[in-house]
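Enquirer: The listed protein sequences correspond, in order, to chains C and R.
With UniProt numbering, the residue at position 115 of the first sequence is 115, and numbering never jumps.
With UniProt numbering, the residue at position 89 of the second sequence is 89, and numbering never jumps.
Worth flagging that the hints you see were computed from the coordinates, not collected in a lab.
The structure displayed is predicted, hence computed values, not measured ones.
Don't be surprised by glycine CBs; every beta carbon is placed ideally from N, CA and C.
Any given hint could turn out to be false.
Below, a list of computed lysine-lysine pairs in the DSSO-like style, where the Cα atoms sit at most 30 Å apart [what the hints assert, rightly or not]: (1) R:Lys-89 with R:Lys-171; (2) R:Lys-150 with R:Lys-77; (3) C:Lys-105 with R:Lys-67; (4) C:Lys-105 with R:Lys-47; (5) C:Lys-93 with C:Lys-133; (6) R:Lys-89 with R:Lys-67.
Chain C is nowhere near these chain R residues, computed Cβ spacing over 10 Å in every case [said to hold, decoys possible]: (7) Arg-33; (8) Asn-100; (9) Cys-107; (10) Pro-116; (11) Glu-152.
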Amino acid sequence: MATTACFIIVSRNDIPIYEAEVGSATKREDAAQLHQFILHAALDIVQDLAWTTSAMFLKAIDRFNDLVVSVYVTAGHTRLMLLHDSRNDDGIKSFFQEVHELYIKILLNPLYLPGSRITSSQFDTKVRALARKYL
Amino acid sequence: MAPVAPRSGDAIFASVERVNAELFTLTYGAIVRQLLTDLEEVEEVNKQLDQMGYNIGIRLIDEFLAKSNVARCVDFKETAEVIAKVGFKMFLGVTASVSNWDADGTCCSIVLEDNPLVDFVELPDTCQGLYYCNVLSGVIRGALEMVSMKTEVTWVRDMLRGDDAFELQVKLLKQVPEEYPYKDDE
Numbered sequence: 001m002a003t004t005a006c007f008i009i010v011s012r013n014d015i016p017i018y019e020a021e022v023g024s025a026t027k028r029e030d031a032a033q034l035h036q037f038i039l040h041a042a043l044d045i046v047q048d049l050a051w052t053t054s055a056m057f058l059k060a061i062d063r064f065n066d067l068v069v070s071v072y073v074t075a076g077h078t079r080l081m082l083l084h085d086s087r088n089d090d091g092i093k094s095f096f097q098e099v100h101e102l103y104i105k106i107l108l109n110p111l112y113l114p115g116s117r118i119t120s121s122q123f124d125t126k127v128r129a130l131a132r133k134y135l
Numbered sequence: 001m002a003p004v005a006p007r008s009g010d011a012i013f014a015s016v017e018r019v020n021a022e023l024f025t026l027t028y029g030a031i032v033r034q035l036l037t038d039l040e041e042v043e044e045v046n047k048q049l050d051q052m053g054y055n056i057g058i059r060l061i062d063e064f065l066a067k068s069n070v071a072r073c074v075d076f077k078e079t080a081e082v083i084a085k086v087g088f089k090m091f092l093g094v095t096a097s098v099s100n101w102d103a104d105g106t107c108c109s110i111v112l113e114d115n116p117l118v119d120f121v122e123l124p125d126t127c128q129g130l131y132y133c134n135v136l137s138g139v140i141r142g143a144l145e146m147v148s149m150k151t152e153v154t155w156v157r158d159m160l161r162g163d164d165a166f167e168l169q170v171k172l173l174k175q176v177p178e179e180y181p182y183k184d185d186e
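Next comes chain C alone, as it looks inside the complex (with noise of 0.2 Å):
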């Protein structure tokens, strides 16, 4: 069964730090850029939502025709987003802590600077890995 699913992670300045097409169907050229759109318009609600719950893994905060915006915000209000247009809760939020461990390794190297963008070959193999595990 085909996907969509577009991975975004966006740093504490509103600035995308990591883009990614995780989803199983063909990527169409158009595809990539509404999805981006549709991600950076859930920004604002993101933001209200942040600050009422102390729960990390904020579920469906939007909808956009069929596709679902689910966020997840770590400690240092980094936004993990993920557009997508299935139903998988559970999967979802396992692929958000592990992605969140992956984060957190790469913050620790002492040559990135928090906020700048993410080039690292490995982290994207394994990003691409775990979407293709639970996705």
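Place chain R on chain C using the hints.
Expert: Chain R in isolation, oriented as in the chain C frame:
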């Protein structure tokens, strides 16, 4: 007084005060990052790390000899073995191995399988020429100079550049005989 037997690296490591490994790794990482910000040139940073290692080494040798009670080394081969097995174990908690001896016994390789300085580190594209652990080469050079051996230490393999282990090549340039500081006829 009866001579005290030399202690093994494990025994000394268990008895000295230790610091949290992550704190050590993060502190060293902060030093390297600050050097990169201040000096901007990767070559300059390499030189500074080596100089810092040298300053550490000339002081470290005294603590090493005091804690480990090793007897005078007969030749350079024994020196290298002592550095790898006792020295690295005592200060970093890892055991290194010695290999690749050349024909006259003046040049060898010390191989480190794991290295606490580089946990979590990945070299970004802007720092490709950086020898992240260059402080270690300075430490060995400084320590050996205080025991009258002039050496040259270079990196052969570096895990941050894709190799499978860290390998340091230690080359003995010359043995400097101990000089008596006062002239006899004065």
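Enquirer: Confirm or reject each hint.
Expert: Taking the hints in turn, this is what the structure says about them:
Restraint check for R:Lys-89 and R:Lys-171: the C-alpha separation of about 21 Å stays at or below 30 Å, so the hint holds. For the hint pairing R:Lys-150 with R:Lys-77, the CA-to-CA distance comes to about 15 Å; that is within 30 Å, so the pair holds. Only pairs whose Cα atoms come within 30 Å are accepted, and C:Lys-105 paired with R:Lys-67 is rejected, the gap being roughly 36 Å. Using a Cα cut-off of 30 Å, the hinted pair C:Lys-105 and R:Lys-47 holds, with the two alpha carbons roughly 28 Å apart.
With a C-alpha separation of about 12 Å, the suggested pairing of C:Lys-93 with C:Lys-133 holds against the 30 Å cut-off. Restraint check: the Cα-Cα separation between R:Lys-89 and R:Lys-67 comes to about 12 Å, which is no more than 30 Å; the hinted pair holds. Not every C-beta of chain C lies more than 10 Å from that of R:Arg-33, the closest at about 5 Å, which undercuts listing it as non-interface. No beta-carbon of chain C comes within 10 Å of the beta-carbon of R:Asn-100; the shortest separation is about 30 Å.
The beta carbon of R:Cys-107 is kept farther than 10 Å from every beta carbon of chain C, the shortest such distance being approximately 32 Å. With a least CB separation of 13 Å from chain C, R:Pro-116 remains clear of the 10 Å interface cut-off, as annotated. For R:Glu-152, the requirement that its beta carbon stay farther than 10 Å from each beta carbon of chain C is met, with the minimum near 27 Å.
In this structure, the earlier hints numbered 3 and 7 are contradicted, and the remaining ones agree with it.
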